[in-house]
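Participant: Please construct the entire structure, taking both the sequences and the accompanying hints into account.
Protein chains: 2
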Amino acid sequence: MKVLVIGAAGMIGRKLCERLLRDGHVGGGEIGDLVMADAVPSDLVGARSIMVDLAKPDAPAALLASKPDLIFHLAAVVSGEAEQNFDKGYAVNLDGTRNLFEAIRAMGDGYRPRIVYTSSIATFGAPYNGPIADDFFHTPLSSYGTQKAICELLLADYTRRGFFDGIGIRLPNICVRPGKPNAAASGFFSNIIREPLAGREAVLPVTDDVGQTHASPRATTEFLLHGATLDSAKLGARRTVMMPGVRASVADMIAALRRVGGDSVVTRIKHVPDPATMAMVAGWPTMFETTRALALGFQAEPDFDSIIHAHIEDDLDGVFVR
Amino acid sequence: MKVLVIGAAGMIGRKLCERLLRDGHVGGGEIGDLVMADAVPSDLVGARSIMVDLAKPDAPAALLASKPDLIFHLAAVVSGEAEQNFDKGYAVNLDGTRNLFEAIRAMGDGYRPRIVYTSSIATFGAPYNGPIADDFFHTPLSSYGTQKAICELLLADYTRRGFFDGIGIRLPNICVRPGKPNAAASGFFSNIIREPLAGREAVLPVTDDVGQTHASPRATTEFLLHGATLDSAKLGARRTVMMPGVRASVADMIAALRRVGGDSVVTRIKHVPDPATMAMVAGWPTMFETTRALALGFQAEPDFDSIIHAHIEDDLDGVFVR
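If you read the protein sequences in the order shown, they are chains A and B.
In this text, residue positions in the first sequence follow UniProt numbering: the first is 1, and each later residue adds one.
In this text, residue positions in the second sequence follow UniProt numbering: the first is 1, and each later residue adds one.
Bear in mind the hints are in silico, worked out from the structure with no lab data behind them.
Watch out, some of these pointers could steer you wrong.
[As the list claims (entries may be wrong)] A few chain B residues that face chain A, going by a derived Cβ cut-off under 7 Å, partial list only: (1) G125; (2) F137; (3) T139; (4) S143; (5) A149; (6) I150; (7) A237; (8) R238.
Please read all numbers here as calculations on a predicted model, not as lab measurements.
Note that beta-carbon positions come from the ideal geometry of N, C-alpha and C, so glycine has one too.
Facilitator: Structure below.
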């Protein structure tokens with residue numbers, strides 16, 4: 001089995017590749033070839049790494065040279081950058097993806113890979129009407145969300161026409177993100193867990209009643225692997241599935257951190273409400289109805305404590321600063 | 001006021017242009033310039049006609065040469081052809097529209113026209129869950145519907161970014177279509193009214209419990225004109241509005257035809273149920289919840305009798321074959 005990961009150097013891409021290298025198989029199929037593609041080289045050993053600029057017209061030829069049976073397409077210009085740089089966002093997130101889809105169609109000759117595409121809750125926008133089910137309308141309030149929603153539509157149409165076998169994985173908030181605090185407005189969800197566990201202070205810019213639905217990077221890797229192997233005939237015409245997660249308010253998250261790490265860890269969270277962040281958060285979708293994903297066998301963590309434990313085990317070698 | 005109609009030679013485009021030429025104004029703004037653009041020349045006199053292939057990269061330059069303040073974009077490769085010819089459908093319906101949007105953005109210099117874009121109920125697909133409201137998910141089951149749904153997303157994003165002031169008009173079934181019977185699967189809705197009124201037989205390929213929501217070409221022209229003039233700030237982030245219409249089963253339609261035309265007209269309808277057509281019809285969206293459109297001031301006919309009367313007045317000079 002030949003596997004291609006586009007966006008292999010990103011946070012999820014890297015964890016997925018590590019997992020594929022460790023397992024050596026996907027759903028019973030032995031991995032004979034793994035190609036890790038990104039705009040920057042991967043430092044993982046054990047697989048081929050190629051550098052590709054998705055916005056370039058020759059990108060698909062390089063990506064598809066090995067005729068991969070399974071393609072994970074995780075690459076994207078992130079939300080903030082796509083909003084700042086209109087052309088770049090559309091060039092990578094829309095045209096880059098469409099060019100890939102077109103190149104697969106052009107191969108013909110019975111070539112029909114499985115494509116696992118990551119989408120985002122940025123495809124949704126207010127007003128909401130209770131929990132967001134899989135039949136709730138797309139109202140992206142960013143160019144990034146627009147690009148993701150368009151690619152979900154293309155994924156479905158190309159699949160319907162038989163050009164490939166696509167499945168979209170619409171992710172909730174990913175928490176706890178390892179690494180440095182980033183500039184994303186939603187970064188505080190990870191910051192207030194990761195930084196205190198590392199002995200550092202973290203700023204909480206919202207009130208603690210703010211809620212969100214979270215899945216760990218570990219659960220996200222499982223979503224992608226399950227998406228790669230499930231019987232896609234069960235998806236019908238709606239090829240993108242909203243993933244499950246743990247619904248937790250910031251207060252719930254802090255209570256979980258206290259249970260797992262103790263009082264001293266929690267004191268490292270500094271409450272500094274920021275009106276601009278609060279205003280942004282107010283428009284985010286936070287509650288999802290994911291019975292469809294659960295019926296298809298996707299599984300999230302049972303509670304936020306488990307999400308913290310996954311971070312400590314996977315990213316901190318089991319050790320945190322009390 | 002400078003007005004551009006793209007798709008001016010189509011059935012609705014022609015009626016819209018006739019109306020604009022007759023009125024000489026749109027919502028109080030005097031029309032100083034009207035450009036009628038299509039792939040084929042218009043035979044209407046009183047305005048400039050230009051021939052444009054929307055799939056060509058130089059199309060937007062020709063369309064925007066006059067810097068129109070108001071653009072009606074009605075042009076599309078129709079559903080059946082977009083399904084048969086994948087490349088042509090995407091080239092015209094997606095790339096042609098996106099190129100137009102991009103060219104407007106590139107003009108800069110404060111240029112920010114109103115764009116009235118026609119979308120379609122082909123953006124929806126089963127399974128449904130009661131009447132389709134404006135927050136119901138897009139599940140196009142055709143490439144045409146996919147292209148329309150994508151352009152709705154682009155229209156919203158370009159508007160949100162301030163590149164133009166867009167409004168999408170999502171049309172129900174248009175009935176009664178004048179002219180010859182066409183090959184569209186939904187053509188029978190118009191055929192069973194138009195042909196008998198002209199003294200000809202018409203085949204009804206479905207059982208008479210099949211329902212749909214209908215608006216006349218006359219009401220459709222009003223939708224477009226109202227979309228051109230309403231206060232678009234009221235639309236919020238959801239820029240496309242599902243238009244109202246008359247919900248009628250085929251039995252309701254035939255009863256209306258009997259009231260308006262008499263028994264002899266109705267006897268010209270031949271009931272020849274076709275399993276293939278019945279199967280296709282079963283997946284169509286037929287019921288819509290259009291409180292939003294009504295609140296915004298869009299108005300449909302009160303009943304199907306009015307739709308038949310509009311056809312007789314507008315397309316038959318008031319005369320039909322008893």
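Participant: Does each hint hold? Answer for all of them.
Facilitator: Against the structure, the hints:
1. G125: holds, 6 Å
2. F137: Since the shortest Cβ distance to chain A is 4 Å, the answer is holds.
3. T139: holds, 5 Å
4. S143: holds, 6 Å
5. A149: Check passed: Cβ of B:A149 comes within 5 Å of chain A, closer than 7 Å.
6. I150: With Cβ-Cβ at 5 Å, under 7 Å, it holds.
7. A237: holds, 5 Å
8. R238: Interface hint status for B:R238: holds (6 Å vs cutoff 7 Å).
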